[in-house]
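Novice: Sequence:
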Amino acid sequence: MNVKNFIITNSVIINSIIIQVFHFAFKKAIKFDFLVSEGYFLAEKGENSNYGILTSQNSKRSGIGHRLGE
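Count along the sequence shown from 1, add 206, and you get the number used in this note's numbering.
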């Protein structure tokens, strides 16, 4: 095996690993962004523990982050 083939093989392996890592991170980011847009991370300290769930059910009607009744 000459040096050129060795370098090409290693770069292909490294590129596939990098692509897999970025793909995993991208999927996680999309999932997190979806949960934020649905209101699951909007609960604050001192608020009702159901605030995030209520907001997620109500977000399509009244906009993200609005409480019920507003």
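Simulated from the structure, these hints should not be mistaken for lab results. Using N, Cα and C, we set each Cβ at its ideal position, and we do this for glycine too. Be aware that one or more of the hints could be misleading.
The calculated label-pair distances, taken between Cβ atoms and stated as ranges, are [stated by the list, open to error]:
(1) Asn208 with Lys234: 37 to 43 Å
(2) Val209 with His229: 38 to 44 Å
(3) Lys234 with Ile214: 28 to 34 Å
(4) Phe228 with Asn208: 29 to 35 Å
(5) Ile213 with Lys233: 36 to 42 Å
(6) Asn211 with Ala231: 26 to 32 Å
Novice: Each hint: holds or not?
Specialist: Verification of the hints:
1. Between Asn208 and Lys234 the CB atoms are about 40 Å apart, so this pair conforms to the stated range of 37 to 43 Å.
2. Take Val209 and His229: their Cβ atoms lie about 30 Å apart, and the range 38 to 44 Å is violated.
3. Hint check: Lys234 to Ile214, Cβ distance near 31 Å, so the stated range 28 to 34 Å holds.
4. For the hinted restraint 29 to 35 Å between Phe228 and Asn208, the CB-CB distance of approximately 31 Å keeps it satisfied.
5. For Ile213 and Lys233, the Cβ-Cβ distance of about 31 Å falls outside the hinted range of 36 to 42 Å, so the restraint is violated.
6. The hinted range of 26 to 32 Å is satisfied by Asn211 and Ala231, whose Cβ atoms lie roughly 31 Å apart.
Violated hints for the displayed structure, listed by number in ascending order: 2, 5.
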